[in-house]
Amino acid sequence: MAHAATSPALYGLLAEFDSAQALLDAAKQVHASGYTKADAFSPLPIHGLAEALGFHERRISPLVLCGGIVGALAGYGLEYWTQVIAYPMNIGGRPFHSWVAFIPPAFETTILFSAFTAGLSMLAMNGLPQPYHPVFNAKRFARASQDAYFLVIEAADPRFDLEQTGAFLAGLHAREVVTLDE
Amino acid sequence: MNESQYPEGDFRAPLPLIGPGQNARTITDKLTSVVLTPHTPLAWFVVMGIGFTLVMALMVSITYLFAKGIGIWGTNIPVGWAFPIINFVWWIGIGHAGTLISAILLLFKQDWRNSINRFAEAMTLFAVACAAIFPVIHTGRPWLAAYWLFPYPNTMTIWPNFRSPLIWDVFAVSTYGLVSALFWFIGLIPDLATFRDKTESPILQRVYGMLALGWRGSAKHWARYEHAFLLLAGISTPLVLSVHTVVSFDFAVGIIPGWHATIFPPYFVAGAIYAGFAMVLTLAIPLRVLYGLQDYITMRHLENMGKIMLVTGLVVIYGYSCEAFFAWYSGNPYERFMMYNRIIGGPYNWAYWVLLLCNFLVPQIMWSKRMRRNVWALFTAAMFVNVGMWLERFVIIVTSLHRDFLPSSWEMYRPTIWDFSTFFGTVGLFITLMFLFVRVLPMISVFEMRTLVPDARVKSPEGGAH
Amino acid sequence: MNLSDIRNRLAGLEGRAYWRSLEELADTPAFNEYLHREFPANATEFTDPAGRRQFLKLMGASLALAGVSACTRQPEEKLVPYVQQPENVVPGRPLFFATAMPIGGRGMPLLAENHMGRPTKLEGNPDHPASLGATDVLAQASVLTLYDPDRSRTILYRGEVKTWASFTSALPLALGPLRTTGGAGLRLLTEPISSPSLLDQIDTLLAAFPQAKWHQWDPVYGAVQGGAPAAEALYRFDRADVVVTLDADVLTFGPAAVRYTKDFSSRRRIGTPQDELNRLYAIEPVATLTGANADHRLAVKAREVYGIAAALASAVGLSGVTGASASGEAAKFVAAVADDLKAHRGTSVVVAGDTQPAAVHAIARAINDALGNTGATVTYAAPLVASPLDGGASLAELVKDMQAGSVDVLLIIGSNPVFTAPADLDFKSALDKVKTRIHLGLYYDETAEQCHWHVPEAHYLESWGDVRAFDGTVSLIQPLIAPLYDGRAAIEVIASANGVGGQSTMDLVKAYWTRAFSGQTKTAWTLHDRQGRAFPTVDQFWRHALHDGFVASTSWLAGTAAAPATPAGTLPTAAPATASATGIEIIFRPDPYLLDGRNANNGWLQELPRPLSKVTWDNVAYISANTADRYHVPIWRDGNGEQPLMEIKYQGRSVTLPVWVLPGTADDVVVVILGGGREKSGRVGTGVGHNVFGLRTSNALWFDGGADLTPTGKGYYISSTQNHFLMEGRHPVRVVDAEEYRRTPAVVAELGREVPKPEDSLYPVHEYKGHRWGMAIDLNACTGCGTCIVACVAENNIAVVGKMQVAKTREMHWLRVDTYFEGDPASPSGVYHQPVPCQQCENAPCEVVCPVAATSHSDEGLNDMVYNRCVGTRYCSNNCPYKVRRFNFFLYSDFSTPELWAQRNPDVTIRSRGVMEKCTYCVQRINLARIDAKTEERPIRDGEIKTACEQVCPADAIVFGDLNDPASRVVKLKAQQRNYGLLEDLGTRPRTSYLAKVKNPNPALG
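Chains as they are written, first to last, in the numbering used here: chain A, 1 to 182; chain B, 10001 to 10466; chain C, 20001 to 21006.
Rather than coming from a laboratory, the hints here were simulated on the basis of the structure. Here a beta-carbon is modelled for each residue, glycine too, at the ideal position from N, C-alpha and C. Do not take every clue at face value.
As the list claims (entries may be wrong) - For the chain C half of the interface with chain B, some residues (derived, Cβ under 7 Å), not all of them:
| # | residue |
| --- | --- |
| 1 | Q20722 |
| 2 | H20724 |
| 3 | K20808 |
| 4 | T20809 |
| 5 | V20848 |
| 6 | V20849 |
| 7 | C20850 |
| 8 | V20852 |
| 9 | G20872 |
| 10 | R20874 |
| 11 | S20877 |
| 12 | N20878 |
| 13 | P20881 |
| 14 | K20883 |
| 15 | R20913 |
| 16 | L20983 |
Kindly generate the complete structure, drawing on both the sequences and the hints.
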């Protein structure tokens, strides 16, 4: 794990683990030892991994609720405005405000808005799309989307120290630890 | 996958969800190789050839239709709707299985869905695409219908009539299409990342790389991803139920005996799922053989789908019996005559009996475990259901319309060659889209399959196996 | 300077040059002199609107006539109505002119609607006793024939195009040699003629050629079997309590049918349950609308009618009647009828049909005389048409002469004998022996093809003339437009034979009446106005007659003139002989609309469903259910499809016809419908149906025994607009017996299911202030004649779709007449008709489901259809329980034939492909009335708006009006206990409602 002085800025250290279990255990250790700017990478969702790294976030649900409400109002509003205000017509003797008939479209707009809020807000919060990320510089990281498990501690972390952190990661039975450039 | 309480070799023992000796690598290699291989199986070309020929037939039919008018069909007065609307409902129904598998089974934590949800969702999209063709081309002036049906004021500032179930359809189906596409794409992202990292070809790397949006499997991303995915599933569930409910309103809101029935929404939804699973089986059974995916789409999957077919089929039959009972119990002469005309006295009663054969009798073989585990039996039953569900819509639409209130306006309906060419054209379109998808995208969700292998299971912080 | 001079001046000039020349022309003194010569009187008529109209229109017509005949290839250029704008023509406002349609020698009085010089629609003449405002189907459709692009356009001599001038010069040359022999070789063949002016010309001709012979032939109106009746009967059904018809379709057949229907229905439109109805007994072999409207009907063979009539005669107490034969059911029937007749002396009438031999007419007359009906409910008069026809006899005589080669010049006026002559005469080969054959006809038809000269005939809307209505009323024919195709009237041809060819038709007609006014004509006319006052001057008489369209005093019904007396009737000495009294009886009937095929090229008529059978675009053979059973012919069918083809053999000749089971037809009878299989008709009519004239012989023009039916095993596609004739216990038509209705009027309501109350709805009820249009249709008056359908077609520019589209029930008629049979199809106990237009539901199921709001309610409650907005989902039609919506599956409207453009009603949109259409309650007429009322600052009067179907209905069965006006007729009708809404149990709240049919059966017949 030598690195040249002329090399670009250091992003962090990348450790590879053999199994999901090993990664999860390592993550717990990293969090326990006070590292805050750490992240784990796995080819499949691992239950509790994010929490192990101290990540607790539930911001999407309320957004989706708002999306749904907006959708409902938009849908019914459109119907009410067009059928009662903009161009009222006597259709088959029904009142202009045939609220019973207005329910299905409003329901669908509710679904539409909330669904897209869910999907798009997830991508947005994850900062996707993001074509470039330092982890991609690691040769073996291609396996992260197939069958390999990785853990990164960023150089930006206040407790980061190249030597100690490297040793610490190695101590977590990491198969290999490499440095990542920005 | 609980341990078997059955003695070794007992056929009653539950089958495994995934073949023996599979791990993340083998799964990844196998499932990606299907797409990334330069060698396309001959069978693929054969099927594509058939599908594409039919697409050409569709093009010819639609061109001629636009040139001449819908008079080229057998549609008449009183039977103002026939093949186009039958096909529309049929296709939409088929779509429902995809959403059901990916959404509802996810909510119920049915991990056996993992190997079939991806192409079931694709099936949904393509079925909706085929369905969406018909409401437009069946109109007298499609060049206007194409956009006047959307909430848009014409030059006289007239807006659509939101009291019409057709407008509800427009909202329901377009919402359904969009949400399904979103759901499908989000599910694809991690696998696209896998393809990006697996392929050697720089072009494919770029293409898949773009689509993968730079996914890198970060734990935080996974957390939000799963959260959003669960929400989407939760949202899609009422959606999928609402779509066929609204489609059933096209008829239930009508005044025609045989249409005007309160049982329609639940019975249409059940029918949709029924037809959908039949179509999933119709696709899954040949595909798993064609691409040697028996380890991933196991007999267990097929058997489960067989069970669902059996259950939903029974719900549909319940719907039929309700229709008949209501017609009799209402004491309404029009309703009673409609049923008599549909089942016994009418010139189209053959359709009803064939329908019962397809949707009621044949699927009963699913009661037998042996049959459920016999690929041929499953495939045959599925084919019968495909036909049966089409006939169901024929019975509902045509036999109800051709003899309604005033005997003086009773008339027969006879489809023309163009009715058939248009219908089979969309079948071809469906096949074509399906096989293009199989060729360029993972037909089985790779990352979700990974979660099924033993070493994917970790002891959660709270302890205990997950 | 006459017409031909003008034409010579214009010869060679075309396009713009021609216009200039017209103006120049108008300034020449010669032309002014010409005009003044033509209208010596009208010059002083600018104070009188009618006269001014005549003058200006004629000036325009004359100029157009003069100028444009140069170019026949672009008829629209001929439609130049005016050279200067008459001040009383407001663009967009139609003018109405009185005229009349000659048919079968009688006149159907009309008011022609004229839009900027284009006649577009014909209505009945409300003042005329023969119309009272209504017309028949043929009159309605005749306006389409006027514009028919296939009408003959040029004078042809041996296939070469010639001019009128060359014809007028050739005719004297042909006739010249004959003068030496007193015209021994001259023959004139016409249809029945009652036109005084034309008869006068013919008399002149026959005077000049004393040896010449005049023959008449009309296969429909002129043909009688077994001797022509000595007298013509004139019935007063409004005075008759009991009517008995002997094979007589008085309610639909012939030009008298309109007035007869008016009178008959006036006795069926009861106001209260207590009102008395008349009672109709029908004895007939063929299911007719008269029989369908009968309270009791007896189906017998045509050749048995005499026996029944004789039995009836002796049953009412006449002695010395021979050949009476009535057994079993017939005997019971006759007895009951006789009692009923005897109970109604002086208020009953027995009617003998035109297709029955003179003997039957004599018996009917004898019964009427005996019961004192003569003079009260029936008048017997000398035949109206000159030299009455004796069936084929007149024609047979002509053919004999032709075969003998003794005919040098044959002048055929408006008849098509080559196609319609009896088969045994072999007219065609005889015609070849005639040296000079001249034909005048609307079409270049089968006969024209065999003639040396063919002269295109002017449509009656293109020329001047006169005709007498069935009641003798002299009715004037005035042109509504210059001849489109350079046609000539019969009077012009005869006149040029008389050497006065130069004169216009107006000259000729007016000349006759000028002489008639001063009593210089052979027939002495009493010419008074409606108040019975004599006219001071001939001009005032002429102007008045033109304005009214008829001379009131000449009517035997309404006027002062008495019908010419006839010798008293005598009982026949023996039953009429038929060639063979055994075997299957063959009966010939004209197609009710195509007649003998002369109307074959009229798409409206081809597509108009035939009464009772609803067959379109074909002529079939009707048989009874029992007969069908014998040959394994299905009685009902699920939908349009093939009908079995059967070979009908008679007297060694045979034709193959599709058979159709018509309940009510007598057993062992095959009814062969004429009018199909035209070989030279036009783009519409050629080759439609089968030619059956090959079976018709001169001694059995209407019926005879000894026919033979053999199935061919082949099928033939028949398109009908209705295929299910049973009510399935749903009572769309509610029928009650008079007695029952009198006792418990609620019985009508009880026939329907419970009607949901408006309050039951989740939604509030929509209020309609101002007008609330509605309609009531009296099913007791409706005879099912279908005139309303064709009137609707003419008014609303409804497209013709053709046989194979009708086969898919895609006909476009906005109004249909449903027919239902009751009881055993072998002998139906009832036949009911129901006109079904859009019901204009207040809670319209069609509107709610339209995704683009293309159909919605006006604030007067009309169910409007917005063609521009319609995208054609057909959801509205599916959801319409009445199935009255019609869809343009293809581009049905003819946008490509310019001749037809002129016929269209400019107030109604022409619908294009892919849009839905339907009855609008004639919204254009509502709006016209609204504008009038506004400009005159008054409310719209009740009855001011008449929908096309209402206006034309001979039975006055349809009434339209404002439901918010408590005084309106429609409100009063809807207040009756007979009133009910069709399918109102669905909660659609239809604005159109029906008045139940009330039958008046004779208790004695159970």
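Here is how each hint holds up against the structure:
no.	hint	verdict
1	Q20722	holds (5 Å)
2	H20724	holds (4 Å)
3	K20808	holds (4 Å)
4	T20809	holds (5 Å)
5	V20848	holds (5 Å)
6	V20849	holds (5 Å)
7	C20850	holds (6 Å)
8	V20852	holds (5 Å)
9	G20872	holds (2 Å)
10	R20874	holds (4 Å)
11	S20877	holds (4 Å)
12	N20878	holds (4 Å)
13	P20881	holds (4 Å)
14	K20883	holds (4 Å)
15	R20913	holds (5 Å)
16	L20983	holds (6 Å)
In the structure shown, no violation is registered for any of the earlier numbered hints.
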